[in-house]
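> Here is how the chains run, residue by residue.
2 protein chains.
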Amino acid sequence: MTTPFFAAVGGGHTTEILLTLFIMLAAAKITAEIFERLKQPAVVGEILAGVIIGGSVLGWVAPSEFTNTLAEIGVVFLLFTVGLETKPSAIFKVGKLAAIVAVLGVIVPFVCGYLLMLAWGESNVQALFIGTALVATSIGITARVLSAMGLLDAPTSRIILGAAVIDDILGLLILAIVSSVAAGKIDYVEIITTAALAIGFTAFVALVGAKVLTNLAPTIERLRIGDSFFVFGLVLCLGLSVAAAYIGVAAIIGAFLAGMALAEASEENPKMHRQTSAVTEFLVPFFLVNIGMQLKLDVFRDGSTILLAIILTVVAVATKLVGCGLGAMSLGWRRAGQVGMGMTPRGEVGIVVAQIGLSLAVINDSLYGVVLFMAVATTMIAPPFLKWLFATEDAAKDNIDSDDAGGIVAQGDFCKIG
Amino acid sequence: MTTPFFAAVGGGHTTEILLTLFIMLAAAKITAEIFERLKQPAVVGEILAGVIIGGSVLGWVAPSEFTNTLAEIGVVFLLFTVGLETKPSAIFKVGKLAAIVAVLGVIVPFVCGYLLMLAWGESNVQALFIGTALVATSIGITARVLSAMGLLDAPTSRIILGAAVIDDILGLLILAIVSSVAAGKIDYVEIITTAALAIGFTAFVALVGAKVLTNLAPTIERLRIGDSFFVFGLVLCLGLSVAAAYIGVAAIIGAFLAGMALAEASEENPKMHRQTSAVTEFLVPFFLVNIGMQLKLDVFRDGSTILLAIILTVVAVATKLVGCGLGAMSLGWRRAGQVGMGMTPRGEVGIVVAQIGLSLAVINDSLYGVVLFMAVATTMIAPPFLKWLFATEDAAKDNIDSDDAGGIVAQGDFCKIG
Numbered sequence: 001m002t003t004p005f006f007a008a009v010g011g012g013h014t015t016e017i018l019l020t021l022f023i024m025l026a027a028a029k030i031t032a033e034i035f036e037r038l039k040q041p042a043v044v045g046e047i048l049a050g051v052i053i054g055g056s057v058l059g060w061v062a063p064s065e066f067t068n069t070l071a072e073i074g075v076v077f078l079l080f081t082v083g084l085e086t087k088p089s090a091i092f093k094v095g096k097l098a099a100i101v102a103v104l105g106v107i108v109p110f111v112c113g114y115l116l117m118l119a120w121g122e123s124n125v126q127a128l129f130i131g132t133a134l135v136a137t138s139i140g141i142t143a144r145v146l147s148a149m150g151l152l153d154a155p156t157s158r159i160i161l162g163a164a165v166i167d168d169i170l171g172l173l174i175l176a177i178v179s180s181v182a183a184g185k186i187d188y189v190e191i192i193t194t195a196a197l198a199i200g201f202t203a204f205v206a207l208v209g210a211k212v213l214t215n216l217a218p219t220i221e222r223l224r225i226g227d228s229f230f231v232f233g234l235v236l237c238l239g240l241s242v243a244a245a246y247i248g249v250a251a252i253i254g255a256f257l258a259g260m261a262l263a264e265a266s267e268e269n270p271k272m273h274r275q276t277s278a279v280t281e282f283l284v285p286f287f288l289v290n291i292g293m294q295l296k297l298d299v300f301r302d303g304s305t306i307l308l309a310i311i312l313t314v315v316a317v318a319t320k321l322v323g324c325g326l327g328a329m330s331l332g333w334r335r336a337g338q339v340g341m342g343m344t345p346r347g348e349v350g351i352v353v354a355q356i357g358l359s360l361a362v363i364n365d366s367l368y369g370v371v372l373f374m375a376v377a378t379t380m381i382a383p384p385f386l387k388w389l390f391a392t393e394d395a396a397k398d399n400i401d402s403d404d405a406g407g408i409v410a411q412g413d414f415c416k417i418g
Numbered sequence: 001m002t003t004p005f006f007a008a009v010g011g012g013h014t015t016e017i018l019l020t021l022f023i024m025l026a027a028a029k030i031t032a033e034i035f036e037r038l039k040q041p042a043v044v045g046e047i048l049a050g051v052i053i054g055g056s057v058l059g060w061v062a063p064s065e066f067t068n069t070l071a072e073i074g075v076v077f078l079l080f081t082v083g084l085e086t087k088p089s090a091i092f093k094v095g096k097l098a099a100i101v102a103v104l105g106v107i108v109p110f111v112c113g114y115l116l117m118l119a120w121g122e123s124n125v126q127a128l129f130i131g132t133a134l135v136a137t138s139i140g141i142t143a144r145v146l147s148a149m150g151l152l153d154a155p156t157s158r159i160i161l162g163a164a165v166i167d168d169i170l171g172l173l174i175l176a177i178v179s180s181v182a183a184g185k186i187d188y189v190e191i192i193t194t195a196a197l198a199i200g201f202t203a204f205v206a207l208v209g210a211k212v213l214t215n216l217a218p219t220i221e222r223l224r225i226g227d228s229f230f231v232f233g234l235v236l237c238l239g240l241s242v243a244a245a246y247i248g249v250a251a252i253i254g255a256f257l258a259g260m261a262l263a264e265a266s267e268e269n270p271k272m273h274r275q276t277s278a279v280t281e282f283l284v285p286f287f288l289v290n291i292g293m294q295l296k297l298d299v300f301r302d303g304s305t306i307l308l309a310i311i312l313t314v315v316a317v318a319t320k321l322v323g324c325g326l327g328a329m330s331l332g333w334r335r336a337g338q339v340g341m342g343m344t345p346r347g348e349v350g351i352v353v354a355q356i357g358l359s360l361a362v363i364n365d366s367l368y369g370v371v372l373f374m375a376v377a378t379t380m381i382a383p384p385f386l387k388w389l390f391a392t393e394d395a396a397k398d399n400i401d402s403d404d405a406g407g408i409v410a411q412g413d414f415c416k417i418g
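Protein chains in written order, with the working numbering: chain A, 1 to 418; chain B, 1 to 418.
In short, the hints are calculated from the structure, not lab data.
Owing to the predicted nature of the structure, the values given are computational and were not obtained by experimental measurement.
Think of the CB as a built atom: it goes at the ideal place given N, C-alpha and C, for glycine as much as any other residue.
Misleading hints may appear alongside valid ones.
One side of the interface only, derived from the structure: several residues of chain B facing chain A at Cβ under 8 Å [claimed, not checked]:
id : residue
1  : L21
2  : R37
3  : Y246
4  : A278
Next up, chain A with everything else stripped away, as it sits in the complex (with noise of 0.2 Å):
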């Protein structure tokens, strides 16, 4: 099979490129089902088999630019398809406390972050660095998880939501700043456009947007394309995920806004609802994986490293819980703790943080890998403990679904709607 034909369509780049997603996708719903049985988050199982398929155990994938794209797309359609489940208004009763829990949870993690680097005996400009790898929540993985059990309606999950998304735009201001830091200037302009944009477009989508969608409604219903009210949805995504970013908010932040905006247009339209969930359902897979994948454990051959990352992992918990759970201590000691637990994924953003670290070579391949390990362990750490906060709150959501491995409804199941 060596003829130009068959490196062509045989054993050519798509054919990679397919083996790639067949490999992640089987070894993602593989340990799911595992994970399922024994009664774990399928997004802890998810992201695991990431780490077996990745360089570290098996090696059969390798991160690579496709897989980073692939992952992208499929967090930006989680969030979307979130977004969705997500009412402006519902946002805004609990803005005020989302915005405390926000700050607090930003604050608390970056400054005991800092401190932690500093008596280790790092630099100032690395201790900023990994500061700010403990700034931001994963949205996708919070999010992930809680739409797993059919919380999205969940008073507390409204607040972490809603955190979540302020938390990402402070943290992308602080991340720009310290990259300022690290490249030897601070261009107070730029960061100030950036602030001035991101949240003038965040307040201009989540208020007006929704308004303008809701009257537009009954037109894109009338548009004769097939599904015009999906495909308009999937275009909107889109959209602003590309404009978020190059407004320099991240784009996830933009498809959850997309969504948002779009909740009270498309509430009539459940068809459109299961459609955009069978696309994230697809997707989904290789976000979790891909962060599994990330996870390189040869750089844990030293004591002093691995140390270094379990004690930071600690800190990463202990501050989101204690910063968010504080801010949240109105809403009584569990709920506090659900919110608090539930900010404390970091996901896909420490890893960018650690990248842009990397790239700058404020950051070696050994803080790098603490990064990465923090990262991917309060990803993993997260889920069981939000699934008993919540379960043991529960219990009549459980009667419910009570031979559905305690109470988990999964995801696509908001198709029983129609």
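Starting from the structure of chain A, add chain B where the hints point.
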């Protein structure tokens, strides 16, 4: 926005990809809407969108490895969805007729294309390549058009799909032979091995696969992961696509067979069909737009190139119409015409042949442009005629959907099942 932070997050690779997705999807759907309003097939509109945003007109998106991959994934899912609607028994019923249609539809275009190019003064190898480019029907385009018209169940549709699968396999074998000739040596062992593998794989999946999966269905339903049947289908689709590609059949044939093998097992599961259809609905526009983007209009500054392109297109249409039509003549004139016109689009298969010819340096840019023109033109010519040939026969169906652009039922509409 020049810090590494923005390079990584703001204007980075992933943002570009999201922008590409946005432009391709938005352009596809805007032109599709215009075409629907003009009572023309949306498929043609989406291909035209590719011509417009591609290098020949606006130059917004260039065909790249990424868009080709995306297109391939799109057509893989399209064929999987079509396979899901195609029960093996329905194909076996028309098997003999489909085989006759396929064989005549391979011989007539190949011989006529070869002779035309010799008469035009091209070399023997070039003529062989152009003949080969005329051989294989684009099952993707035909399937999309039939599915958009709600005609996958029509008897002629079964013949077209069966014949397209067979002629794809024959086309790939001829391509392997012609590539060997171009490389200066014919590797008979490889050609026979490929032929045996291709036929064996197709027969095995079609005959054994369906039975195995029908028996497996209750087990798949019992899995704990959400939407287990949908997920299983996705994994099977990707797995058999890869297997087909490695064996030397096109990936899309594997996807089609995966769908067909699941068609009976998934009959009781309309939700799985709806979910798969949503993923396909999202991905297919990228396949169609990418075909249009391949067309480079600037090679047509030369009058004789235009003339050759037009003659080759006429030959491409006439030979499939005559070859396949002759094969199906037992069904009467109109249905023979439907089959012949249904087999006319060359789409991505003709383009693949041209690309291989270019990579082997047997075809120059101008001949490449001619083949691309033929591939895109046959793809755009067929849908309106198909629509007309079916619509005049299918007057009853028209009345049911009379407000819907001449009886067009959008593909996603089998979501109405549930």
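> Quick check on B/R37 please, does its C-beta sit within 8 Å of some C-beta on chain A?
Cβ of B/R37 sits 6 Å from chain A, so the hint holds.
> Does the interface hint hold: is B/L21 within less than 8 Å of chain A, judged Cβ to Cβ?
At 5 Å from the nearest chain A Cβ, B/L21 passes the 8 Å test, so the hint holds.
> Against chain A, run the beta carbon of B/Y246 and see if the smallest gap drops under 8 Å.
holds (6 Å)
> Closer than 8 Å between Cβ atoms is the bar; does B/A278 clear it against chain A? Give me holds or violated.
Holds - the Cβ of B/A278 comes within 8 Å of chain A, reaching about 4 Å at its closest.
The structure fails none of the hints (numbered hints given earlier).
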